[in-house]
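4 protein chains.
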Amino acid sequence: MIEPLYPKSFASDNHAGVHPAVLKAVAAAGAGDAPAYGDDRWTGALADRLRAEFGEDAAGLVVLNGTGANIVALGSMLERRYDAVICPETAHIATHETGASERLLGVKLVTVPTADGKLTPADVTARLGERGNISAVQPKVVSISQVTELGTCYTADEVAALARAAHDHGMLLHMDGARLANAAAFLGCSLREVTTDAGVDVLSFGATKNGAMVGEVVVVLRPELAEAGPYLRRQSLQLASKMRYVSAQVSALLTDELWRRNAAHANAMARRLADAVTGLPGLSVEWPVQSNAVFARLPHGAITELRSRYLFHTWDEPSGVVRWMTAFDTSPEDVDTFATDIHQALKR
Amino acid sequence: MIEPLYPKSFASDNHAGVHPAVLKAVAAAGAGDAPAYGDDRWTGALADRLRAEFGEDAAGLVVLNGTGANIVALGSMLERRYDAVICPETAHIATHETGASERLLGVKLVTVPTADGKLTPADVTARLGERGNISAVQPKVVSISQVTELGTCYTADEVAALARAAHDHGMLLHMDGARLANAAAFLGCSLREVTTDAGVDVLSFGATKNGAMVGEVVVVLRPELAEAGPYLRRQSLQLASKMRYVSAQVSALLTDELWRRNAAHANAMARRLADAVTGLPGLSVEWPVQSNAVFARLPHGAITELRSRYLFHTWDEPSGVVRWMTAFDTSPEDVDTFATDIHQALKR
Amino acid sequence: MIEPLYPKSFASDNHAGVHPAVLKAVAAAGAGDAPAYGDDRWTGALADRLRAEFGEDAAGLVVLNGTGANIVALGSMLERRYDAVICPETAHIATHETGASERLLGVKLVTVPTADGKLTPADVTARLGERGNISAVQPKVVSISQVTELGTCYTADEVAALARAAHDHGMLLHMDGARLANAAAFLGCSLREVTTDAGVDVLSFGATKNGAMVGEVVVVLRPELAEAGPYLRRQSLQLASKMRYVSAQVSALLTDELWRRNAAHANAMARRLADAVTGLPGLSVEWPVQSNAVFARLPHGAITELRSRYLFHTWDEPSGVVRWMTAFDTSPEDVDTFATDIHQALKR
Amino acid sequence: MIEPLYPKSFASDNHAGVHPAVLKAVAAAGAGDAPAYGDDRWTGALADRLRAEFGEDAAGLVVLNGTGANIVALGSMLERRYDAVICPETAHIATHETGASERLLGVKLVTVPTADGKLTPADVTARLGERGNISAVQPKVVSISQVTELGTCYTADEVAALARAAHDHGMLLHMDGARLANAAAFLGCSLREVTTDAGVDVLSFGATKNGAMVGEVVVVLRPELAEAGPYLRRQSLQLASKMRYVSAQVSALLTDELWRRNAAHANAMARRLADAVTGLPGLSVEWPVQSNAVFARLPHGAITELRSRYLFHTWDEPSGVVRWMTAFDTSPEDVDTFATDIHQALKR
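Protein chains in written order, with our numbering: chain A, 1 to 348; chain B, 349 to 696; chain C, 697 to 1044; chain D, 1045 to 1392.
Isolated chain A, as found in the complex (with noise of 0.2 angstroms):
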C-alpha cells in the first residue's frame, strides 16, 4: 500500500504509475519461453501496429527510454563524423541528457533560440551559411520535439513546413515525440498525420509519459535508414533480452486508441488547470496551454508555499516561472484542490 507523502503530483507525467491496461498485457505475456532480444510474437505484433498507425513503411523499434530512443533516432540519420543537429535552445537533447549527445554520438548541437520552443524554417535555413566549410560543423538533421519543452505544439502544416526545409537543403527531419500522444489529441489529428505525412524522417515515440512502465519506440519512416537500427539500439544499450515485456506494454497503448484517451484526459486536466487561475492576481500563464503542461509565473514567496506542500518543478528561478504537469491520471478534483491552493498561496 502506498502512502504517498503529498498529494498528487504535478511535477511531471513521470511521476504517474502504470495504466492498469499496460499492467494486465505484461502479466499476460508472462511465463514460458520465448525468443530474445525482440525475435518475439509480441515484438512482432507491435511492428504490425506501428505500421498500421504510421504507414507500411514505419520500422518500429522498441528501446528503453526517451534518452535513449533520441540516441538511437538521430544516430540513425547521422552519416558522417562532421554531421551536425540544427535544435531548439530548450530541446531536451539539448539540455537534460547529460550531454549524451555529445558524448555518445560525438555530435555538435547548434541551437536556436526561440520564442515558444518551436523552430521555424527560417531558423534552419539561417544555419546553413557554414556549408563547405571544412571548419565548421555540416548540419545534417533538424531535431524538434512535438510537444515542446515549453508545452506547445506544431501543427502539422508546421512540421511539413520544417520537413520540407530540411529536404531542400539535404537534411532529414528528428522528431523527439515524447509526448507526442499530447500533441495529436490536442491537434485533434491521427499520429500519421503529424508525422509521416508531414516529412517526419524518424520519430522518438513515447510511451512512459503516456503510461507505460519502462519503454519507448524508435519509429523509422524513411527506409533507407532502416537498416542501421537494430545494431545501434544494441551497441546504445536500449535492447532489452526479454523485450516481450516492453513490446507488450507499447502494444496495450496502441489497442483502441488507449493512447488517446490518456492523452487527452491529461491536456484536459492542464487546461482545467489553467483556467482555473488565469486571472489570478499576481499570476499569469506563460505559452499557450496546448498540452498537460501549463507554465506559470508567480511571485516567489507563493512558489515556496506552494513547494512546501506539492512537488513541481521551478522552470526558471529568477523570473519564477514553474511548471505544472499533469498526467493521465490525475483527476478534476486534484486539479481544484490544487488550483484552490495556488490561489490562497496568492493572497498571502
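A hint or two may mislead.
[As the list claims (entries may be wrong)] A few chain C residues that face chain D, going by a derived Cβ cut-off under 10 angstroms, partial list only:
1) V759
2) R940
3) R956
4) V981
[As the list claims (entries may be wrong)] Calculated from the model, a selection of chain D residues having no Cβ within reach of chain B, i.e. all distances over 10 angstroms:
5) A1055
6) D1241
7) I1347
8) E1361
In case anyone wonders, no lab produced these hints; they're calculated from the structure.
A quick note: this is a predicted structure, and the numbers were derived from the prediction, not measured.
Glycine included, every Cβ here is placed at the ideal spot set by N, Cα and C.
Based on the hints, put chains B, C and D in the right spot on chain A.
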C-alpha cells in the same frame, strides 16, 4: 495463451519468462504517484537490500540491461582517456556487445586467450610491460565474468588473487556478474564472499537471467568510485523515469534468497543434462559444468537434427561445439526429454 | 620565386610566411640523429625556455596545430564523462574546429552570447544553476580566447577575475592563446602576467600566427594536471616523431622576445589601418582594435569591389562586417595602399 | 653543432634527421603570403605529383603524422557506428597509437595473430562468421601495414588477393604505408603497383621515416570515399594552417624518385647488417629482412652490453628479440662498426 513452437528452449536463460514473484512485485509497485528517476521508496528499499547483501559501503544503481550495467560500471572505473581494460578473449564485453565499450567509452580492450574463460594473475601482469610508454594504452581495469562465458566459475580465492594482482599495480577489478547468482549457488557461498570480500571494486549484477523482466544492477563496492555513477547511468541511457518498476523486480529476487533458489535450480538442471549425455558415443562435454550451461561437442549431423526441433546456439561451428543452457523454469522433464532426443540424434 | 596573385593578404595572419629566424632554427636542428618523440635536446631546451617564461611549474608540450593544442589542453582538464566547458559563443573551439571538441572529447560546450567576445565572471556563475542535477552536464572548465575572435583583449585583472570565478566553483580556466603574443604586446605585459599570474590553469600558446611554420604549445600551469599531457598529445595525433624541428621553431620565437617584436609590429599595422579608415564615410570600425585585427562594417558594394583585389574574410554577410588582419610581415606600405583602395571603393 | 651521445642510432628511422633536399624545399616555400589550410600552390603541386604517382583518381591529403594519417584514412572508410577493422595483432594501429582508433574513431579492431606480421585472405574470411548478428561488430575495413611491423613485405599479388577478399565481402582495404617506400624499393616496383593497381582503397603514405621533417599523406584511391577527407583532416587535428611547408617536403621526396633512393639505401644497410651478423654464434635473425629492419634474437647479456653503447629497441624482452633499424642516412661504416660490436658482445 502462449503456444510455443518448440519445446523448452535450451538457447539461453534469456528465453525464460518472468518469475511469478517478480511479476507480483511489479504489480504491487503499481498505481499512484512516485518521484521519478529513482527517488522513490522501492529504489530506496533496494539500496538497503544491496547494502545488506554486499556490505555497508555498497552503492547500488539499478540499470536497464547487462551491456548497460557493464558500460556504467567500466565508466565509473576508467579515469584517463588512455586507460585500458584487460579481459579474456571470450568476455561478453569483447565479443557480443556490438563494440559498445569501444564506441561509448572509447576504451581499448586488451584481450587475453584463456583455456576455460578464466583470467589468472599471471595473465594480468604479463600485460603490464608497457606501463609508462606514451604510445601504449595503460591498463586500469581488469574485467572478469562470473560465471564465465564458458560456464565456468572462479572460486573466491581466485577472484581475490586477481583483485590483489590488479590493486598491486594500481588497477581495479570489475566483475561482469550477469550470472553471479549461478556462481554463488554453485560455490555455495554468499554473494558477498565472491565479490566485496574478494576485492571486487565494481560489479555488474544480473537479474534478468535469474527471473526478472528487465533490470540489472551496478554495485559500486569502493566508495570513492561512487560519485560518478548517477550521472553516468543517466548519460548512458540506463535510467528509467519510472524506476520503481525496475527496482521492485530486483528486490523480489533478493527477498528470502529467491535468487539462490532460481540459480540453484537452473544449475541442477544443467548438471542433470550433463550427467545424462556424458559418455554418449560421439559426444564430449567441453568445460567443467559449474553453472547452468553445458558445452558439448557432437557430430554436425546430430546438431542439425537437434536444431530442427530445439532452440540452442552453436558455439563453434567448425568444431561442432554447441551450448545448452537451462533456466529457473527448466523442468527435469524438459531435460530428460531433451537428453533422450540427443541420444537418438547421436544414433543416426 | 613566389609571384603572389594578390598584394599582401589581409585575410589572416596564417597567410604570412615563416620568420627568417624560425627557418634558420629549423635548419640548425638539421642533420644527424636525435631521439624521436620529443626526447631530444631542442625540445628539452624549449621546456627550459617555457619555464623561464611562464614559471617554474610550467610544463610545456609542443603540438602541431591550434585545434590540437585546444584538444590536448581541454583533455587535460576534463575528468568526468559529464564535465562541460563554458565558453563564449564566438569561441574558436565552438565555431571553427569542425566540432572537434564534441567528436574527439565528447564534451558539451555551453556557449554564452557576449558583446565583444569576452566572458565575464557573471556569465560563468549564471551557468551553474544545474550543479548536481544528474540530467545536466556539469561545468568543469571555463575557456576564453586571448586575443578574442573579435580582436579584443582581456586585461590581466579580467583574466584573474575569471580564474577566481572558476576556481571558487571547483572549475579550471583554459586560455586559447593562439594570439597570446598579440595580447601581451598590446597590454605591454609579460606572457606570464596574463596567464600564470592571473590564474590560468592550462594555456594553448600559439606560435604559427606569430611567425612559425608549424607548431604550437600546450602549457600546463597547474602541476597536478600535467601527468596526462604526454599520453593525450600522443593519442590526439599531436606528437611528431622528429619533434626537434617543431621545438626549434618555438624556441626561436622565444629568443630575445622575437614573439613580442613580431606581435607588436602586427598590432601596429592593424592600428595604422584602423586609423587610416576611421571616419571614412560609410565605414565603421566594430570593436576596439586591441590586436592585429580590424573589424569594419561597410557597404556590400565596397566589399565586393575590395574582394576582387584583396584576400580577406567577410565576418557577417548580412550586416556587411569584414575582418582585416595584419601579420608580422605586413608593411606600412601594404597598409597604406590597402587603405587608399578602401577609400576609393567607398567613393563609388 | 650536434654532438651525439651515441654513435648512429639503430633504434628507428625516426631518429634520422631531414634530407637536405627536404630542407631546401621548405626554405624555398619560405617568405611571402600564401593562402592557408592547403589552398596554396605547393599543395596543389603535390596533388599533381600524387596523381602522377598513384593514378588519376588519387586524392591526396597531406597530414601531420602517421597516426593522424591512419585516423583520417580509417575515418574515411568507416561508415556505420558498428563497423570494425580487421588487422594483424602486430598492427601499429593496434599496438602503439595509444588507442587512438578506439578513442577517436570509436571503432573495434579485430586483431589476428600472424606468423610474420602479414594477413592472409583466409585470416579475413575467418572473421566474417557473425555477419548480420546485431550483437557483433561488422567488419568493414581490412588494414595491413606495408612494410609490416616485423619488417616483412607483401608482394603486389598478396595485396591484390587481400583486396579481392575484402571487396568480395563488401569491405575496403587500408594500407598503413608508413614505410611504403621501403617496400616498393625492396619489391622493385612502382608505388602504384602495390597500392592502386593491387586494389588498395585508402593509403597512409609515409614521408617522415623517408627523410621528411614532419608530414605524411593520406591517399584516397577510390573516388567515392574522397568527399569526407578534407573535413576529417580538419576535425582530426591534421590540417596545418601554413600547409605549404608540409606539402613542399613531400614533393621533394617525390621528385626524381628521391623516396626510392632513400629507401633503397636504408634497405641495403639493413641487408648489410643482417649479412654481417647471420651465423654469429648465439644470434639468429627472426624474420626475413625485406626492408630496413633486422630483428635478431641474442643472449640477454649481449643485449645489455650493446644497449650501453647503442640506441635500439628490445622487441620482446623474455625471448631476447631486438629490433635494429637503418635509415636513409645510415652509412656502411655505421653498420660495420655496429656489426663488429655485436660480434664482440656475443663473445663475452
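| message | Which constraints among the numbered hints does this structure fail? Numbers only, ascending. | response | 3, 4, 8
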